[in-house]
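S.K.: Chain by chain, the residues run as shown.
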Amino acid sequence: MDGHAGMDAQEAMDAKGKASDAEILTGAEIVLRALADQGVDTIFGYPGGAVLPIYDAIYAQQRVRHILVRHEQGAGHMAEGYARSTGRCGVALATSGPGATNMVTPIADALMDSIPMVVITGQVPTHLIGSDAFQEADTVGITRACSKHNYLVKDVKDLARIIHEAFYVAMSGRPGPVVIDIPKNVQFAKGPYVGPATIEHRTYHPRTEPAERRIEEAVALMAKAERPVIYSGGGVINSGPAASEALRALAAATGFPVTSTLMGLGAFPASDPQWLGMLGMHGSYEANNAMHDCDVMVCVGARFDDRVTGRLDAFSPGSKKIHIDIDPSSINKNVRVDVPVVADCGKALGAMLKGWKKSARKTPDLAPWWGQIDQWRARKSFAYPRSATIIKPQYAIERLYALTRDRDVYVTTEVGQHQMWAAQFFHFDQPNRWMTSGGLGTMGYGLPAAIGVQAAHPGALVIDIAGDASVQMTMQEMSCAVQHELPVKIFILNNEWMGMVRQWQQLLHGERYSHSYSDSLPDFVKLAEAYGGHGIRCENPADLDGAILEMIDSPKPVLFDCRVEKAENCFPMIPSGAAHNEMILGKIMGDEISDAGKMLV
Amino acid sequence: MTRTPRARAAARSGVRDDPASAYDMTPSAEGVEQRTLACIVDNEPGVLARVVGLFSARGYNIESLTVAEIDRNAHQSRITIVTSGTNHVLEQIEQHLLRLVPVARVIDVTQSGGIERELALVKVAGTGDKRVEALRISEIFRARVIDTTNESFIFEITGASEKIDQFIELMRPLGLVEVSRTGVLSIQRGKERVG
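Residue numbers (this note's numbering), protein chains in the order written: chain D, 1 to 601; chain U, 1 to 195.
Honestly, the hints are just simulated from the structure, not real lab data.
Be careful, since some hints might not be right.
[Claimed, not checked] Ranges between beta-carbon positions, derived for each pair: (1) U:L119 x D:A60: 34 to 40 angstroms; (2) U:E33 x D:G510: 40 to 46 angstroms; (3) D:L128 x U:L119: 48 to 54 angstroms; (4) U:D165 x D:I129: 37 to 43 angstroms; (5) D:T126 x U:D165: 41 to 47 angstroms; (6) D:R361 x U:K191: 43 to 49 angstroms; (7) U:E169 x D:H515: 37 to 43 angstroms; (8) U:E162 x D:R361: 53 to 59 angstroms; (9) U:S112 x D:P196: 37 to 43 angstroms; (10) D:E23 x U:V52: 35 to 41 angstroms; (11) U:E33 x D:D408: 54 to 60 angstroms; (12) D:A211 x U:I70: 29 to 35 angstroms.
[As the list claims (entries may be wrong)] A few chain U residues that don't get close to chain D, going by computed Cβ distances all over 10 angstroms: (13) G31; (14) D42; (15) Q92; (16) V101; (17) T110; (18) Q111; (19) G114; (20) R142; (21) P173; (22) R181; (23) G183; (24) K191.
Note that CB positions come from ideal geometry on N, CA and C, so glycine has one too.
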């Protein structure tokens, strides 16, 4: 008995000794303190029963601003937009059960596009877990497959460490979303706070420095290239502005042409003569043909996605491939490569540039290759028939770009035809200016993402290039934009169709337009006014410039209903199951897609 | 060696005439082989679900799986997985395992010449000659009798999976009732800690 009591006393003394070093806070206070210490200035969330203690802690402090959304999915996409436009970690907050399940889409979206995000969810108290309590869902179970990592915090003593660790995991290596599920009793319980400085992860230490041998191999390959191409991706943007600088420097030093994925737009300036435009399913003729015919491909921070490669067994058949990726599992996943470089893009590009400058080898003349590229360029694959009476969607984006290019502008998109036209006709010279859902293809991403961008850049012009169908998926966030005075501009290319679905039905399903017409569309102008925003409608090409300027000048969130050509298709296009050099340039004949291709998405 | 229906299907898919795409890129030239991987993981809640979920999400096979804590102080567990696939798939499995945050290391036991052992409990019921024969074979296989009645034995046998398969096949005509197996355990040869 005595011995036992003695041990208790000893333990109590130990606990007291440790406690005296650390501040004792409630779990909810620890959450807010940890966020502030991580440099978080804005979070996006929605309250509910299981996060009330955290909301109480938000009420009691000034360091972290909370943006109240209208649906948890909005909070997730706002955090993504915030992260993508700043290079920092986005943070979203939701309650248990439906709050957490509503957050699943943005979590999966962030995983596919490698967006650093920390999602905090409330959970029922630990003693009720597993009892099918009110608003209980197995959040760590549900999000395990769609997050980079997740935690269920069962003891307040672990809370501060886990939050700091979550930021480390979200931001390190290939970035991604991390979920922290916090039961309500843990939010109330008191425990020690530890700062971020002391946290080191036990097992997760991704490699960022390239192997010297691989860089030498890469440079040797590049130095012999007669038909080289650089294929850059979102990884260059994730790596930070230095990686974009290194990409530009390497392109300048080598004279190589540069193309990029949808996610990588802006890392290399679109105004540069070495820029080939985006590649892939709706990429430029010159970019896709250069990829197909090249002899050396330098893939940096991209992952040979099926939208990029087209038919794999006909993908760039004659090239040696260098693949720089921070995630070793991306290498040789879809396409076998000759020189794998596991590293941070910026560091690898820097090392390659150094190696290139050091090698005194005489490199082949690239003039014949550029001559070939110029011939492809002369096809003007993005050209479209002009109209004086109807606004062509491509024209709308061209004008939007022309009238905003000298401003501090950020662009988000939804998913579909408008997204592809935006990628083709809006040009970016800087990274972190283009936010789009590439991997998951989430309709409804753009409006909340724009709000997240605007929250991070209050003075900037933030435009969501939207479609009439996508924008209705998260339209409720207009209310959020109005409340928080975040004057995002929602530029809707309204063709009254789910345009990409309609295009595929035309191409693949004998023009049987099953459920792709947007019947009973709302009056977007009245809708904007109902929300307290500003609505604009434009139907005539002659009025378009004035209407766009009116949108830019409005101090309010704007819904711009741009009535465009209804049956316009998005070209050029590599049909499913086809190769890069089998692009459809203008008109659909009906026999473009093989039966095998029809099976693909 | 037995293969799961899925592994057999994967092996068959080597012959196909439709164009290869990202969705059906099982390379035709390569054969499917079996491999044993050992993962040293942080023993935290959900780590097994993460490993298993990775296999199901990406369509990989698990032929056997064994897991237990190996270092209580360091909170580390060893998960030994027997899987099958082409070389390309097996390399992907290894890389995807390493991508999981709590996975500290992955050891390719097959390729690094590690030792693999499995334990099985085998219940055999019978009388007369069959009973005598079962006991005689168990001695050849160095199986131990750990429970006996007048009409049954329970044997405990350890060894490579193939040896256990063979033992079970021999017991089948002698009154095999049921089998319980641990799945494969593995360790590296030599004095070093490998991985």
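S.K.: Look at each hint and say if it fits the structure.
M.R.: Hint check:
1. In this structure the supplied range 34 to 40 angstroms is violated for L119 of chain U paired with A60 of chain D, their Cβ-Cβ distance being about 58 angstroms.
2. Taken as a hint, the range 40 to 46 angstroms holds for the pair E33 of chain U and G510 of chain D, whose Cβ atoms sit roughly 45 angstroms apart.
3. Range check, L128 of chain D to L119 of chain U: Cβ separation about 40 angstroms, and the 48 to 54 angstroms hint is violated.
4. Between D165 of chain U and I129 of chain D, the C-beta spacing of about 42 angstroms keeps the proposed range 37 to 43 angstroms intact.
5. With their beta carbons about 45 angstroms apart, T126 of chain D and D165 of chain U fall inside the hinted range of 41 to 47 angstroms.
6. Separated by about 47 angstroms at the C-beta atoms, R361 of chain D and K191 of chain U satisfy the suggested range of 43 to 49 angstroms.
7. The hinted range of 37 to 43 angstroms is not satisfied by E169 of chain U and H515 of chain D, whose Cβ atoms lie roughly 57 angstroms apart.
8. For E162 of chain U paired with R361 of chain D, a C-beta distance near 55 angstroms keeps the hint of 53 to 59 angstroms intact.
9. A hinted range of 37 to 43 angstroms for the beta carbons of S112 of chain U and P196 of chain D is consistent with their spacing of about 38 angstroms.
10. In this structure the hint that E23 of chain D and V52 of chain U lie 35 to 41 angstroms apart at CB holds, the actual value being about 40 angstroms.
11. About 57 angstroms separates the C-beta atoms of E33 of chain U and D408 of chain D, a value consistent with the hinted range of 54 to 60 angstroms.
12. Taken as a hint, the range 29 to 35 angstroms holds for the pair A211 of chain D and I70 of chain U, whose Cβ atoms sit roughly 31 angstroms apart.
13. Taking the minimum C-beta to C-beta distance to chain D, about 17 angstroms, the non-interface status of G31 of chain U holds against the 10 angstroms cut.
14. The claim that D42 of chain U is not at the interface with chain D is violated, since a C-beta of that chain comes within 10 angstroms of its own (minimum 6 angstroms).
15. The non-interface label for Q92 of chain U is inconsistent with chain D: the shortest C-beta to C-beta separation is roughly 6 angstroms, within 10 angstroms.
16. In this structure V101 of chain U is not separated from chain D by more than 10 angstroms, as the shortest Cβ-Cβ distance comes to only about 4 angstroms.
17. Non-interface status of T110 of chain U relative to chain D is upheld: no Cβ of that chain comes within 10 angstroms, the nearest being about 19 angstroms off.
18. Under the 10 angstroms C-beta cut-off, the non-interface status given to Q111 of chain U relative to chain D holds; the minimum distance is some 17 angstroms.
19. The non-interface label for G114 of chain U is consistent with chain D: the shortest C-beta to C-beta separation is roughly 21 angstroms, beyond 10 angstroms.
20. No Cβ of chain D approaches the Cβ of R142 of chain U within 10 angstroms, the least distance being about 39 angstroms, so the stated non-interface status holds.
21. With a closest Cβ-Cβ approach of about 45 angstroms to chain D, P173 of chain U is found to remain outside the 10 angstroms limit, as its non-interface label requires.
22. The beta carbon of R181 of chain U is kept farther than 10 angstroms from every beta carbon of chain D, the shortest such distance being approximately 28 angstroms.
23. The beta carbon of G183 of chain U sits about 23 angstroms from the closest Cβ of chain D, which is more than 10 angstroms, so the claim that it is off the interface holds.
24. Non-interface call for K191 of chain U relative to chain D: holds, since the shortest CB-CB distance, roughly 25 angstroms, exceeds 10 angstroms.
When held up to the earlier numbered hints, the structure conflicts with 1, 3, 7, 14, 15 and 16 and fits the remainder.
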